[in-house]
Amino acid sequence: MSLDLMSAAEIAMEHAKSLGMDQSEVALHHGTGVAVTARQQELETVEKHNDAQLVISVYKDQCTGSASSADLSEHGIRASVEAAISIARQTGQDECFGLADEDLMAKNKFDLDLYHPWDMDVDQMVELALECEANALEFDPRISNSEGASLNTYSGTAVYANSHGFSSEQKASQHSISCSVIGESDAGMQRDYWYDSDRNPTKLQSAKVIGKTAADRTVRRLDARKIASRECPVLFDAIMAKSLIGHLIGAIKGGVIYKKASFMLDKVGEQVLPEFVSVSENPHKLGAAGSAWHDGEGVATPQQRSIIGSGVLEGYVLGSFTARKLGLQSTANSGGVRNLLVSNTGHSYDELLAQMGTGLLVTELIGSGINSVTGDYSRGAAGFWVENGEMQYPVEEITIAGNLLDMYQKIVAIGNDADTRGNTECGSILLDNMTIAGS
Amino acid sequence: MTQSHYQIAHDLLLEPTGLDDNDLNQIIHRLNGAVKSSDVDFADLYFQHAKHESWSLDEGKVKTGSFNIDHGVGLRAISGEKTAFAYSEDLNKSAILAAAEVASAIGRQGQSITQGMPWKRDKVTALYGELDPINAMGDQEKVAILHKADQAAREHDSRVKEVMASLSAVYEAVLIVRSDGRQIADVRPLIRLNVSVIVEENGKRERGSTGGGGRLGLDYFDDALITNYAHEAVRQALVSLEAIDSPAGTMEVVLGAGWPGILLHEAVGHGLEGDFNRKGTSAFAGRIGEKVASELCTVVDDGTLADRRGSLSVDDEGNKTENTVLIENGILKGYMQDEHNAQLMNMPLTGNGRRESFAHLPMPRMTNTYMHAGKHDSEEIIRSVKKGLYAVNFGGGQVDITSGKFVFSSSEAYLIEDGKVTQPVKGATLIGNGPEAMQTISMVGSDLELDSGVGVCGKDGQSVPVGVGQPTLKMDALTVGGVQL
Chain Z
3 MSLDLMSAAE IAMEHAKSLG MDQSEVALHH GTGVAVTARQ QELETVEKHN DAQLVISVYK
63 DQCTGSASSA DLSEHGIRAS VEAAISIARQ TGQDECFGLA DEDLMAKNKF DLDLYHPWDM
123 DVDQMVELAL ECEANALEFD PRISNSEGAS LNTYSGTAVY ANSHGFSSEQ KASQHSISCS
183 VIGESDAGMQ RDYWYDSDRN PTKLQSAKVI GKTAADRTVR RLDARKIASR ECPVLFDAIM
243 AKSLIGHLIG AIKGGVIYKK ASFMLDKVGE QVLPEFVSVS ENPHKLGAAG SAWHDGEGVA
303 TPQQRSIIGS GVLEGYVLGS FTARKLGLQS TANSGGVRNL LVSNTGHSYD ELLAQMGTGL
363 LVTELIGSGI NSVTGDYSRG AAGFWVENGE MQYPVEEITI AGNLLDMYQK IVAIGNDADT
423 RGNTECGSIL LDNMTIAGS
Chain W
36 MTQSHYQIAH DLLLEPTGLD DNDLNQIIHR LNGAVKSSDV DFADLYFQHA KHESWSLDEG
96 KVKTGSFNID HGVGLRAISG EKTAFAYSED LNKSAILAAA EVASAIGRQG QSITQGMPWK
156 RDKVTALYGE LDPINAMGDQ EKVAILHKAD QAAREHDSRV KEVMASLSAV YEAVLIVRSD
216 GRQIADVRPL IRLNVSVIVE ENGKRERGST GGGGRLGLDY FDDALITNYA HEAVRQALVS
276 LEAIDSPAGT MEVVLGAGWP GILLHEAVGH GLEGDFNRKG TSAFAGRIGE KVASELCTVV
336 DDGTLADRRG SLSVDDEGNK TENTVLIENG ILKGYMQDEH NAQLMNMPLT GNGRRESFAH
396 LPMPRMTNTY MHAGKHDSEE IIRSVKKGLY AVNFGGGQVD ITSGKFVFSS SEAYLIEDGK
456 VTQPVKGATL IGNGPEAMQT ISMVGSDLEL DSGVGVCGKD GQSVPVGVGQ PTLKMDALTV
516 GGVQL
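Protein sequence lines, in the order shown, are assigned to chains Z and W.
Using the working numbering, the first residue of the first sequence is number 3, and each one after it goes up by one.
Using the working numbering, the first residue of the second sequence is number 36, and each one after it goes up by one.
Since the hints were made in silico from the structure, they are not lab data.
Each hint should be verified, as a subset may be incorrect.
[What the hints assert, rightly or not] Pairs of lysine-lysine residues, derived as DSS-like cross-links and limited to a Cα-Cα distance of at most 27 Å, are as follows: (1) W:Lys117 / Z:Lys210; (2) W:Lys155 / W:Lys128; (3) Z:Lys50 / W:Lys314; (4) W:Lys455 / W:Lys410; (5) W:Lys183 / W:Lys196; (6) W:Lys421 / Z:Lys228; (7) Z:Lys205 / Z:Lys111; (8) W:Lys239 / Z:Lys327; (9) Z:Lys261 / Z:Lys327; (10) Z:Lys62 / W:Lys96; (11) Z:Lys19 / W:Lys455; (12) Z:Lys261 / W:Lys98; (13) Z:Lys255 / W:Lys196; (14) W:Lys98 / Z:Lys262; (15) W:Lys96 / Z:Lys261; (16) Z:Lys261 / W:Lys196; (17) W:Lys196 / Z:Lys262; (18) Z:Lys255 / W:Lys96; (19) Z:Lys62 / W:Lys98; (20) Z:Lys228 / W:Lys326; (21) W:Lys117 / Z:Lys214; (22) Z:Lys19 / Z:Lys109; (23) Z:Lys287 / Z:Lys205; (24) Z:Lys262 / Z:Lys327; (25) W:Lys239 / Z:Lys261; (26) Z:Lys269 / W:Lys196; (27) Z:Lys50 / Z:Lys262; (28) W:Lys314 / Z:Lys210; (29) W:Lys117 / W:Lys355; (30) W:Lys239 / Z:Lys412; (31) Z:Lys19 / W:Lys96; (32) W:Lys183 / Z:Lys327; (33) W:Lys98 / Z:Lys255.
Build out the structure end to end from the sequences listed, making use of the hints.
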């Protein structure tokens with residue numbers, strides 16, 4: 003297998019051209035990683051990862067086809083190109099197909115500080131995992147069992163090239179530490195976890211903090227109760243709050259908009275969130291999970307783009323195909339949004355609890371009960387019952403329900419306690435009212 | 036059949052790089068290194084060739100298609116509770132031998148117990164054909180399937196505004212080479228057709244989705260079946276247009292036959308996978324012989340059903356799949372096991388060792404999980420409910436196996452009032468605690484149905500195809516997550 007990704011991209015595009023294709027684009031990656039898990043203070047698994055893939059899309063007479071393979075030999079690359087062409091022969095025409103417009107291609111490459119390999123051997127990784135889990139197991143006598151602590155490291159190279167002549171090569175890394183433990187009381191077992199993830203291993207929370215946090219989160223769930231059905235205010239903690247923003251972004255993606263399969267259809271220019279909320283993406287943020295100087299089609303990403311300003315939806319999330327379908331311009335979002343930032347109302351987490359007074363703090367959501375066409379929302383939840391701003395007892399086996407369009411309007415405050423892991427930075431979100439189903 | 040499976044796997048996986056039995060022996064020995072003498076020590080190689088093709092239609096056109104081809108080998112060595120794992124997409128001997136060095140990470144040293152040669156090739160009774168569904172049908176015919184679905188949906192009702200349909204076909208050949216000297220080959224087709232529609236009336240939009248498939252050729256999707264899927268998707272969407280807010284709270288719930296068996300997958304299935312029970316992290320751990328469901332409940336995991344999506348002739352460790360009784364008349368009978376967990380727990384193998392691909396470690400997974408039929412007529416079950424919910428279609432589900440809390444989200448449900456199905460209600464998530472909820476099953480219908488073949492199960496980031504099924508059943512108390520108090 004050849005791992006010179008740029009040469010592989012050139013071979014693919016040349017082959018596509020020689021077979022009469024109008025345009026082509028290729029994305030490749032090669033990465034290696036190691037994952038170790040320690041459980042009950044013993045090494046449990048060591049996994050070595052080594053992945054490579056090529057994805058080619060070809061365009062001919064407004065038809066398209068794509069193919070992918072891990073076979074990066076010259077023979078394998080040619081076979082993938084031919085497979086893509088054979089598919090393009092059968093697909094229907096759509097004048098919106100094709101590469102992104104040439105004048106949108108990113109011209110300025112810059113270093114986004116994404117590559118920090120973790121120089122560590124397996125023994126050192128095992129040692130850190132053991133330390134992480136030990137801190138969880140020792141945290142409280144009610145910690146009775148463990149699913150273990152894991153370390154993951156990954157670094158690799160991604161190449162994107164298209165027949166406009168655009169090409170880019172980006173090295174990137176991603177590392178994580180996680181721990182999941184089980185606590186037990188007379189009422190039964192509970193499990194929770196904690197993790198950190200970063201491109202730069204020196205920025206990760208310590209193994210000790212992750213172990214202790216996992217245990218603390220587990221113990222506080224013990225003896226959870228079901229509460230009676232009611233309507234009350236609900237505070238989504240900073241981790242769960244991200245999911246509310248995720249549903250919103252999912253509903254303004256070009257693909258669901260042009261198919262008219264979204265509850266956010268035709269909402270551009272409308273007040274979809276309270277006036278005090280703004281949402282932007284920040285693709286050039288250094289060292290962040292979603293950073294990129296071009297999108298999945300080579301289109302230059304902006305330093306910052308406002309998606310929701312003062313509560314008003316300013317535009318959709320578009321790649322070139324969906325933009326053309328809607329008669330709009332690409333927003334450089336092929337491959338998704340990058341480093342979302344949700345504004346806050348300056349409240350601390352404790353202030354939000356106080357503002358809620360009596361209500362439900364949601365710290366876990368399960369199930370996928372969301373109708374993306376209507377916005378109807380019904381999910382399993384667990385968390386804490388709060389009275390007078392104080393956590394009273396853990397709650398489980400309940401659901402929270404509403405309609406997302408309505409829920410977004412009911413946001414009364416957003417905390418300054420954002421969880422900075424991952425692609426969305428958003429503090430805890432307080433809604434003044436939702437329906438809880440319980441006993 | 037068996038010989039041809041081996042031949043197909045050999046030709047696709049070993050022949051191109053000239054790997055022979057001696058090479059496999061050498062690789063297994065390198066991986067097994069020098070194994071400590073312990074009866075759980077084990078190593079295996081999982082060679083896999085996988086082709087996947089998919090086509091999708093919207094706006095009346097087949098807009099996109101994609102083709103993926105991959106092959107590789109996963110190498111695993113086990114010592115006690117420790118597992119070392121690596122994989123190689125390069126099937127040359129030197130690359131595989133290099134990947135085998137991962138075993139040193141778990142400190143394998145001592146006497147070798149590797150058997151290796153002479154290799155024994157297991158006779159496998161195939162539960163499905165060995166036809167490559169991608170090659171067996173021309174691209175034009177595949178595209179025609181999607182156009183047929185589009186046309187059938189649009190002609191069925193003028194309120195249909197958009198039809199999205201997708202067709203996928205997978206062809207896999209696997210060769211499992213084990214340190215106990217066994218070699219097992221399997222050839223696995225898998226197809227799926229999904230139809231989804233958007234309907235609109237008076238400015239209100241709704242969606243309906245259906246689909247099906249199995250380990251079959253694409254000619255399974257004949258005009259009658261395609262039309263059936265399309266009409267069913269339209270029917271569901273139109274029902275949703277009429278739906279009122281769902282009630283909230285704990286009430287009697289009747290679940291329809293077939294796909295609602297996702298209940299069993301979430302409420303008991305995951306909790307009965309061997310790994311969680313060996314580690315004691317499942318709410319069902321240590322409860323074999325105890326009553327964990329009402330006596331009306333007999334639940335099995337059956338990987339031996341011909342042509343079904345969740346079925347396998349052999350699991351991904353080369354062991355025959357079985358029809359495993361999990362719960363019999365309410366009593367917990369056993370767990371689903373893979374090689375590693377069965378040995379550590381000293382329990383029988385059940386053929387549930389599965390993996391997403393060569394690049395993933397196997398673990399205990401479900402195949403087709405369903406409840407045996409009971410004696411009640413489904414009408415009688417509905418008549419017995421004064422006020423409750425009748426849920427017949429579902430989206431996804433999820434479970435926390437430690438606390439036992441499970442959810443599954445309905446996409447088509449109705450109110451039952453005074454023994455009659457009345458108004459449709461909007462989708463609501465149902466939530467319960469597995470061992471407790473199963474105890475409240477008070478009536479089980481005689482109408483056992485299996486799902487149409489669309490299930491995907493996720494665990495530890497690995498997806499595998501599964502099936503579910505059940506007869507109509509009544510739960511006396513389940514929490515319904517609506518908005519209407």
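Verification of the hints:
A distance of roughly 23 Å separates the Cα atoms of W:Lys117 and Z:Lys210; the hinted pair therefore holds under the 27 Å criterion. For the hint pairing W:Lys155 with W:Lys128, the CA-to-CA distance comes to about 21 Å; that is within 27 Å, so the pair holds. At most 27 Å may separate the alpha-carbon atoms for a hinted pair to count; Z:Lys50 and W:Lys314 meet this at roughly 24 Å. Straight-line distance between C-alpha atoms of W:Lys455 and W:Lys410 comes to about 20 Å, which keeps the hinted pair within the 27 Å bound.
Restraint check for W:Lys183 and W:Lys196: satisfied, since their Cα atoms lie roughly 16 Å apart, inside the 27 Å limit. Simply put, W:Lys421 and Z:Lys228 have alpha-carbon atoms about 24 Å apart, close enough for the 27 Å limit, and the pair holds. Proximity of Z:Lys205 to Z:Lys111 is assessed by CA-CA distance (about 25 Å); at most 27 Å being required, the pair is judged to hold. Under the criterion of a C-alpha separation no larger than 27 Å, the hint pairing W:Lys239 with Z:Lys327 is consistent with the structure, at around 22 Å.
Our distance criterion of 27 Å between C-alpha atoms is met by Z:Lys261 and Z:Lys327, whose separation comes to about 10 Å. At roughly 16 Å between alpha-carbon atoms, Z:Lys62 and W:Lys96 fall within 27 Å of each other, so this suggested pair holds. For the given pair, Z:Lys19 sits about 65 Å from W:Lys455 by alpha-carbon distance, which is inconsistent with the 27 Å threshold. Under the criterion of a C-alpha separation no larger than 27 Å, the hint pairing Z:Lys261 with W:Lys98 is consistent with the structure, at around 13 Å.
Under the criterion of a C-alpha separation no larger than 27 Å, the hint pairing Z:Lys255 with W:Lys196 is consistent with the structure, at around 19 Å. Distance restraint check for W:Lys98 and Z:Lys262: the Cα-Cα separation of roughly 17 Å lies within the 27 Å cut-off, and the hinted pair is therefore satisfied. For the proposed pair W:Lys96 and Z:Lys261, the alpha carbon gap of about 13 Å is at most 27 Å, so the pair holds. A distance of roughly 9 Å separates the Cα atoms of Z:Lys261 and W:Lys196; the hinted pair therefore holds under the 27 Å criterion.
The straight-line distance between the Cα atoms of W:Lys196 and Z:Lys262 is roughly 9 Å, inside the 27 Å bound, and the hint therefore holds. Only pairs whose Cα atoms come within 27 Å are accepted, and Z:Lys255 paired with W:Lys96 is accepted, the gap being roughly 21 Å. Taking the CA atoms of Z:Lys62 and W:Lys98, the gap is about 13 Å. The hint holds against a cut of 27 Å. Of the pairs offered as hints, the one joining Z:Lys228 and W:Lys326 holds, with about 23 Å between alpha carbons and a cut-off of 27 Å not exceeded.
Note on W:Lys117 and Z:Lys214: the hinted pairing holds, with a Cα-Cα distance of about 25 Å set against a maximum of 27 Å. Using a Cα cut-off of 27 Å, the hinted pair Z:Lys19 and Z:Lys109 holds, with the two alpha carbons roughly 24 Å apart. Distance restraint check for Z:Lys287 and Z:Lys205: the Cα-Cα separation of roughly 15 Å lies within the 27 Å cut-off, and the hinted pair is therefore satisfied. Between Z:Lys262 and Z:Lys327, the direct Cα distance comes to roughly 12 Å. Compliance with the 27 Å bound is thereby established for this hinted pair.
Taking the CA atoms of W:Lys239 and Z:Lys261, the gap is near 15 Å; set against the 27 Å cutoff, the hint holds. Between Z:Lys269 and W:Lys196, the direct Cα distance comes to roughly 19 Å. Compliance with the 27 Å bound is thereby established for this hinted pair. Of the supplied pair hints, the one linking Z:Lys50 and Z:Lys262 is violated, its CA atoms being roughly 43 Å apart against a limit of 27 Å. At most 27 Å may separate the alpha-carbon atoms for a hinted pair to count; W:Lys314 and Z:Lys210 meet this at roughly 23 Å.
Distance restraint check for W:Lys117 and W:Lys355: the Cα-Cα separation of roughly 25 Å lies within the 27 Å cut-off, and the hinted pair is therefore satisfied. In summary, the hint linking W:Lys239 to Z:Lys412 is supported, as the alpha carbons are separated by about 22 Å, within the 27 Å threshold. For a cut-off of 27 Å, the pair hint linking Z:Lys19 to W:Lys96 stands: about 25 Å separates their Cα positions. The hinted pair formed by W:Lys183 and Z:Lys327 meets the criterion: a straight-line CA distance of about 24 Å does not exceed 27 Å.
A hinted pair counts as satisfied when its Cα atoms are at most 27 Å apart, and W:Lys98 with Z:Lys255 qualifies at roughly 18 Å.
In summary, the numbered hints that this structure violates are 11 and 27.
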